[in-house]
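Once you've looked at the hints, dock chain B against the given chain A.
Number of protein chains: 2
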Amino acid sequence: MDINFEDREFLSIAIRTAEENISDGGGPFGAVIVSDGRVIARAGNRVVTGHDPTAHAEVMAIRMASSALQTHDLSNCVIYTSCEPCPMCLGAIYWAGISRIVYASDRYMAAEAGFDDNRIYTELSLATGKRSIVMDQGLKHEGDSVLKKWEDFPDKVPY
Amino acid sequence: MDINFEDREFLSIAIRTAEENISDGGGPFGAVIVSDGRVIARAGNRVVTGHDPTAHAEVMAIRMASSALQTHDLSNCVIYTSCEPCPMCLGAIYWAGISRIVYASDRYMAAEAGFDDNRIYTELSLATGKRSIVMDQGLKHEGDSVLKKWEDFPDKVPY
Chain A
3 MDINFEDREF LSIAIRTAEE NISDGGGPFG AVIVSDGRVI ARAGNRVVTG HDPTAHAEVM
63 AIRMASSALQ THDLSNCVIY TSCEPCPMCL GAIYWAGISR IVYASDRYMA AEAGFDDNRI
123 YTELSLATGK RSIVMDQGLK HEGDSVLKKW EDFPDKVPY
Chain B
3 MDINFEDREF LSIAIRTAEE NISDGGGPFG AVIVSDGRVI ARAGNRVVTG HDPTAHAEVM
63 AIRMASSALQ THDLSNCVIY TSCEPCPMCL GAIYWAGISR IVYASDRYMA AEAGFDDNRI
123 YTELSLATGK RSIVMDQGLK HEGDSVLKKW EDFPDKVPY
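As they're listed, the protein sequences go chains A and B. The first sequence begins at 3 in our numbering and counts up by one. The second sequence begins at 3 in our numbering and counts up by one.
This is chain A alone, in the form it adopts within the complex:
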């Protein structure tokens, strides 16, 4: 689908946030979350300054939006981001239930600028034993038992 006039406005805010974030000590990424035609969160990447490897613009904006709305369910929201989300951020977007992503640059341009987004997409597509990170499994029975307890727990809130 093509983006419309309103999309261009919100996407421009995300791009401007990314640009301003560079001189503010952050990475060159920005994101905006819109609900009912209104911006409810706007954030830049704060990984280095915030001492937080999870502080990508999209994750920061999701945290802000869900805090503002007091729910983990952002299914009526759209996220605008200056660059295609990395696997961590795309995963966060799915978990938030966000219905649409509008983005400007992409993982290949991010790679040229020195970021690992595309490499991490490739790693995730590999079987656990083929990845560059070591993944060892143990105590499977004990781990499975906790998930079975959850299934039987009467007061659980599914998400």
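Simulated from the structure, these hints should not be mistaken for lab results. It is possible that some hints are incorrect.
Given that identical chains are not distinguished, each listed pair holds provided it fits within a single copy or across any two copies.
Said to hold, decoys possible - Straight-line Cα separation of at most 20 Å, SDA-like style, residue types lysine to any residue; simulated pairs: (1) Lys150 <-> Gly27; (2) Lys132 <-> Pro160; (3) Lys132 <-> Asn120; (4) Lys132 <-> Gln72; (5) Lys150 <-> Asp108; (6) Lys150 <-> Glu114.
Structure of chain B alone, referenced to chain A:
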């Protein structure tokens, strides 16, 4: 690689955290981060109670550990988790530079318990136009320009 005695101890703490977290209003997941043989972070899933879709156990533990060490670089750390990390958490683990993951249960058991980990892995493996979430691209030139500015920015801290 098989897990050793020390691994079993740390993994047991992660599993116990997951179990206790259920009756504490959280999801059935727990994670522990170890640096130099010492637990520096321990967290359960707080998605529903914390109004934060990103508050999975692994992400919470990474935030705690990087805050404790005052760096986004956890490359000397190992993460122990009660269940195979979802794509969001696995992405976060890569961004943190963590070198090894030890896990107990897996995405297939999580699916039986009602969690979307495996579905999101499948979604991420698809091309952007084939996913269940709408992804629209626009203003690519403007988005690319910000990444080019970053490349030329003298004071940038790469990560």
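Comparing the hints with the structure gives:
1. Lys150 <-> Gly27: between (45 Å within a copy, 16 Å between copies)
2. Lys132 <-> Pro160: neither (32 Å within a copy, 27 Å between copies)
3. Lys132 <-> Asn120: The answer is both: 17 Å in one copy and 18 Å across copies each meet 20 Å.
4. Lys132 <-> Gln72: The answer is neither: 40 Å in one copy and 31 Å across copies each exceed 20 Å.
5. Lys150 <-> Asp108: This pair counts as between: shortest inter-copy Cα distance 13 Å, intra-copy 40 Å.
6. Lys150 <-> Glu114: Only across copies: Lys150 and Glu114 sit 9 Å apart there, 45 Å inside one copy, limit 20 Å.
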